[in-house]
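As given, the protein sequences belong to chains V and S, one line each in that order.
If you use the UniProt record's numbering, the first sequence corresponds to residues 1 to 481, in order.
If you use the UniProt record's numbering, the second sequence corresponds to residues 1 to 481, in order.
Hints in this document: simulated from the structure, not taken from any laboratory.
Since the model is a prediction, treat every value here as computed from it, not as a measurement.
One or more hints might be untrue.
Copies of the same chain are indistinguishable here, so a pair counts whether it falls within one copy or spans any two.
Below, computed lysine-lysine pairings styled on DSS-like, alpha-carbon distance capped at 30 Å [said to hold, decoys possible]:
id, residue 1, residue 2
1, 372, 55
2, 80, 453
3, 80, 92
4, 48, 394
5, 92, 220
6, 448, 475
7, 80, 48
If you want the building blocks of each chain, they are given just below.
Number of protein chains: 2
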Amino acid sequence: CRHLAFTDCGYWTTWLGELCHWTVFRCLAYALFLSFHLSQGTRDYNPKQMAIREKVFNTIISCFKRHGAENIDTPVFELKETLTGKYGEDSKLIYDLKDQGGELLSLRYDLTVPFARYLAMNKVTNIKRYHIAKVYRRDNPAMTRGRYREFYQCDFDIAGQYDPMIPDAECLKIVHEILSELELGDFRIKVNDRRILDGMFAVCGVPDDKFRTICSTVDKLDKMSWEDVRSEMVKEKGLSEEAADQIGQYVSLQGGMDLAERLLQDAKMSQSKQACAGLTDMKQLFSYLQLFQVTDKVVFDLSLARGLDYYTGVIYEAILTQTGPEGVSVGSVAGGGRYDGLVGMFDPKGRKVPCVGVSIGIERVFSIMEQKAEASAEKVRTTETQVMVASAQKNLLEERLRLTAELWNAGIKAEVMYKKNPKLLSQLQHCEDSGIPLVAIIGEQELKDGVVKLRTVHSREEIDVSRAELVEEIKRRTSDV
Amino acid sequence: CRHLAFTDCGYWTTWLGELCHWTVFRCLAYALFLSFHLSQGTRDYNPKQMAIREKVFNTIISCFKRHGAENIDTPVFELKETLTGKYGEDSKLIYDLKDQGGELLSLRYDLTVPFARYLAMNKVTNIKRYHIAKVYRRDNPAMTRGRYREFYQCDFDIAGQYDPMIPDAECLKIVHEILSELELGDFRIKVNDRRILDGMFAVCGVPDDKFRTICSTVDKLDKMSWEDVRSEMVKEKGLSEEAADQIGQYVSLQGGMDLAERLLQDAKMSQSKQACAGLTDMKQLFSYLQLFQVTDKVVFDLSLARGLDYYTGVIYEAILTQTGPEGVSVGSVAGGGRYDGLVGMFDPKGRKVPCVGVSIGIERVFSIMEQKAEASAEKVRTTETQVMVASAQKNLLEERLRLTAELWNAGIKAEVMYKKNPKLLSQLQHCEDSGIPLVAIIGEQELKDGVVKLRTVHSREEIDVSRAELVEEIKRRTSDV
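Extracted from the complex, chain V is given alone in its bound form (with noise of 0.2 Å):
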């Protein structure tokens, strides 16, 4: 935006020109020393947006305990030769440090890789992981949207050999659980496998070499028209107008175990062996997520491809279907895999372990709780403090840091005023802002008969309660807190 208005201001050539040039060059710079503070596609989280970022969290964080997860964390940065070749087309968007002497090093793209790398360095065969941090990625950032450079993702993934398809459905019912619980609204989780692509590629006469990028391309279905996907793949990939015309047909298909029998019958569909073991796999996975009651959200659909290039088997990808404030999608919520090969590349032995996950994509879901909160009456408190050590009157300050310190050491959370004498009114009016419940009082009075005055703030009642019997009467108090 910014270049755009100066490009436009090119075409002044007149003195005028000039003049209006140099004032809105100028006006940008001004624009650019207010706003040279933060990098573009970053945000900062204040108290009341950290506030709603730690109740997703825990959410999120007891639905993986709950679930016997255990929790790991990798570098935010790796070997850039971690990262290569990972993520198809996609790789382009990955964030290079400066070579400062030593190693070539970009930070993390996402949690998959990293938890890849891990597990065949450590030698680990088997776990039940999730883990919580911030990737990055040179996009367009969409701020409004919920699209940032910098963005938290809650992975939760599965490794090792086992029966077909119940760490599978686990994966889906954890997004289940956690979409339900964040109450965002209705949602959609679409499952497709990597497997059935390949094999409907094959059976519609796609050369081999072009699955990954005609993958790439029925990827974005859920952005662009069928006609503008079929016309990238016809004219842009050189894939043949009947090939394209026939994959039309098959993305079109949703549908539950029932879709997956009937492709299990169909002529063509039937004759790729990849087809039938992930259309088998698909029945299999719907029998479970019945027995978990979650096949009302759950969707088969052909049309989902996931840009990466290391899934092997089952692809998912959760969407909110209600639509926004400006009435926009804010789209997918999660998505995720399995991931067979992945560590094998990071063995020197090439040794696999097979791997299925999600990832919840947490900053669209952070902006719409904002909006709900900006839009309830209800007001977000960012602290915990249960009491204000307060006093009416003046040379009392070493009396208040006394009593607070006595407070703080019996685990109490209090605040005081660091002013020698602050006004009761700023104090009281403190506590009203910030939502602190009570306020102990202590004037000569209250000194000289060992009790303090607590007041309930929202009430306005005090009572005198012995400095002996304070902290129980706090902790009473604020038991709900």
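For this one, chain V is given, so just place chain S on it according to the hints.
Okay, now just chain S, sitting in the frame of chain V:
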């Protein structure tokens, strides 16, 4: 080390040497291949380490919340210019991102400069906030001593115009609380003031333009002897021998409020207005620390300098006084101070916001806690799973999955094996290994009777519980988890 071996190899010039060279080269190449997966100075956290990390973070966050702090977050990279000119001699350790078109970016070096940028950008004039995040320094890693290139900082800062030394005292109280609660052994908190240092430099005859560089040299006193520090001052930095010797007398002084009082009477020191202001505040600080009952660990130490440029008043640093297992001191675990000028550097009009804060360097704490966990017999649990759903009989996978989903939906943390027919022994073994306290066993008979055999892992006791009462029974038996 790798490079060293390679260079040594160059000495071989005979044919035997060449052969050896080649063998060494191959060994090295293999070592490189095996170790190429993680960047130097960074680490993964495995589930056990994460369990310890979570415990440490909980202690720290509880303390920050007890003191009424809000939470914020900032991006991992900032515009390069945001970090420029804030860190003095340490600036060479900043990681830059590669110029891939667009802005010049750097990884954050600490959380203080981003905090100041945040305050200026959002025109926040008072806040008490904490921020826990990773920072990046291209330093020589010494990972056995907990020195990494990527490491956590846990920062607590108070911004705002308040009466002197009250927020400063709270920061020290927080360090005292956290280091006491983490039970890392005895510790000391050294305190000094930049104004006292600058006043001391002035009265000792250090030229104004050498204050910062002499300050950096004084900062090395915790790692170097006075003789070496003196020599660096005189030979490298061109200070006169007399000035160096006068500094030497002061920096050997340690004490409490009494030392501040004595120095206020000191013939030379009292000539400096700056030093007097610092010393008066130091007396005030100690009076508040007495109220907070933390003077047992706090020492006014004139040799404390701290490397960073941005400090303007009180500075402090906490060290663990016990040596590590190899007799090595782990050194500083927390540091901070007052920086009243930093926010103004980011404000278009230079408006200042006084700030004071502390940063807990948690990596060294992790190292100690890990070593303690290794040494202790107690097993660290890496999951919170309450119950394992198991079966002794074949063909009950679907029943196991159904029961597991029931438990998940009731909020119970449950696991199930991803095998069609796992052996009961291997299911029980998994419970032993990962500390799962209960097993819910189903068989044909139990299904017929509508019950579950609930087994307590450590006692091997088994009782039948009706399906309807299972959730409550599990909650009752794991209420301490």
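Open item on the list: At most 30 Å between CA atoms: does that hold for residue 92 and residue 220 within a copy, between copies, both, or neither?
Closed with: Classified as within; 18 Å inside a copy, 44 Å across copies.
Task: Status of residue 453 relative to residue 80 across identical chains (alpha carbons, at most 30 Å) - done: Close neither inside one copy (62 Å) nor across copies (52 Å); limit 30 Å.
- [ ] Using 30 Å as the alpha carbon limit, work out where residue 448 and residue 475 are close: within a copy, between copies, both or neither.
- [x] Within one copy only: 24 Å inside, 48 Å across.
Open item on the list: Checking an output row: residue 80 and residue 92, CA cutoff 30 Å. Within, between, both or neither?
Closed with: Both, since 12 Å and 22 Å are each at most 30 Å.
Open item on the list: My question is about residue 372 and residue 55: at a cut-off of 30 Å on alpha-carbon distance, are they close within one copy, between copies, both, or neither?
Closed with: within (14 Å within a copy, 32 Å between copies)
Task: Up to 30 Å CA-CA - residue 394 versus residue 48, copy category - done: Neither, since 34 Å and 52 Å both go past 30 Å.
Open item on the list: Cα distance capped at 30 Å. Does residue 80 pair with residue 48 within a copy, between copies, both, or neither?
Closed with: Answer is between; shortest inter-copy Cα gap is 28 Å, intra-copy 36 Å.
In this structure, the hints that do not hold are numbers 2, 4, in rising order.
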